[in-house]
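J.: Spelled out from the first residue to the last, the chains are:
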Amino acid sequence: MTMPFYVAPEQVMKDRADYARKGIARGRALAAAVYDSGIVICAENPSQTLRKISEIYDRIAFAGVGKYNEFDQLRIAGVRAADLKGYAYSREDVDARSLANQYASILGQIFTHEMKPMEVEILVAEVGATRDDDRLFHILYDGTVMDEDHFTVLGGEAEAISARLEEAWNDSLDLSGALKAAVGALAGPDRALTAAELEAAVLERTDARRAFRRLELDERTALLA
Amino acid sequence: MWDSSRPRRPRATITHGTTVVAIRFRDGVVMAGDRRATSGNLISHRAIEKVFPADRHSGVAIAGAAGPAMDMVKLFQLQLEHYEKVEASALSLDGKANQLSTMVRNHLPAAMQGLVVVPLFAGYDVARGAGRLFQYDVTGGRYEESNFSSTGSGSLHASTVIKLGFREGLSREEALDLAINALFTAADEDSATGGPDVVRGIYPTMATITSDGFERVTEAEVAERFGALIESLGQREAQGRGRVAETASDHGGLRS
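Chains as they are written, first to last, in this note's numbering: chain A, 1 to 225; chain B, 1001 to 1256.
Some clues are possibly wrong.
What the hints assert, rightly or not - A short, non-exhaustive set of chain A residues, derived as facing chain B with CB atoms under 8 angstroms: (1) S54; (2) V79; (3) Y87; (4) I106; (5) D207.
Don't read these hints as lab results, they were simulated from the structure.
The C-beta atom is built at its ideal place from N, Cα and C for all residues, glycine as well.
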């Protein structure tokens, strides 16, 4: 009878994390930033049909980077969880924090118990009644949750993009300003991104029930001009 | 011994909803419903809502047992929104009508126990660029109507009024006035349908569904249109030759 080689658990975890990180770094990054009347989320995405950013619930949006089929599974699970909770209790009982916790536990479980971790990083954003109630939860492939304040960057080269966004962002930006800051940070100093290469959506602080709205090409072009 | 001639009624009194109508017009569909809910011969609610948005481009109106009907609407709205979010596009209008049909059919066992729910579904078909409306029966049967539809206890009177006043290419204002006339007549003839409540300022719920989506008609506009109808009816009444005592038969005709 053969004995399996002993591999230290530290090594197993490190290998899995490296695997997930490599998968995520292959894809393009995504940024989200708070502006004066909401949250804008923006990603490099040449496809107009396969979305990285989408609506979860009235005031909650989802965004993912990495392997499309994996974050899309998570997106659908989130929509289902939110819709069920809102139906069973009340619409106002659905919140981003609880959703982020559910995502964290799913990702954590898969990271430790499955053969292969999920190669994704996701964002759960919620626009509140006031700016202080806005939430940005950034969740990593291993279930780590980060509660970000004004902006967050997901995906490959996140650190460099984050540093650029830190410089460009301030708390008096309007939608156009915030979108420009996010796009500039995603592009970096050596290239420019056009409206057609982007996907963008906002969560608006309005009285309407559903705060999520996609920014279509015309509007993106106008905002970036 | 059990008396088989006695009608069997549910032991608990159940709140029922009443007259709702939908009329196609030039830009889409008008939906309207009265506000009265009854339990047996008592009025249980004076300001209940019977016309709801189903999603951006469609609406649903209900008649029948209020509790299950409201629950059906809530689940229907949820299913349309859930589909839209998961699939990243809204269902077709036929798809929505079919979904509601399944829900009514699944409700059949409860309907057989006396908890009948009969909805009316109408919407703006974005693909066809026209308003469309559907009525249902308790078995989930779905029947598309071309011009107008009505359901609930006062629907017979309401649909007669609409039938006489309907023509192709009604404007928004004409369609609203026709619906108002139909609801007024239904309330006039059917005790379970509520008329305009001028004392409390409660008027039927009305909405239009066009390419711009589902839009409620403001309470002020509904009140104004009802006011105009009541005034014109009042003038007509004043020109009459006086009222016949409806209980008296011995002088068999006009008062002298």
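J.: If a hint holds in the structure, say so; if it does not, say that too.
T.: Tested hints:
Taken as an interface hint, A:S54 checks out: its beta carbon lies about 7 angstroms from the nearest beta carbon of chain B, inside 8 angstroms. For A:V79, the interface hint holds, since its Cβ comes within 8 angstroms of a Cβ in chain B; the closest pair sits about 5 angstroms apart. The closest approach between the C-beta of A:Y87 and any C-beta of chain B is roughly 5 angstroms, which is under the 8 angstroms cut-off, so the hint is satisfied. Taken as an interface hint, A:I106 does not check out: its beta carbon lies about 17 angstroms from the nearest beta carbon of chain B, beyond 8 angstroms.
A distance limit of 8 angstroms between C-beta atoms decides the matter here; for A:D207 the minimum to chain B is near 14 angstroms, and the interface restraint is violated.
Violation of the numbered hints given earlier is confined to hints 4 and 5; the remaining hints are satisfied by the structure.
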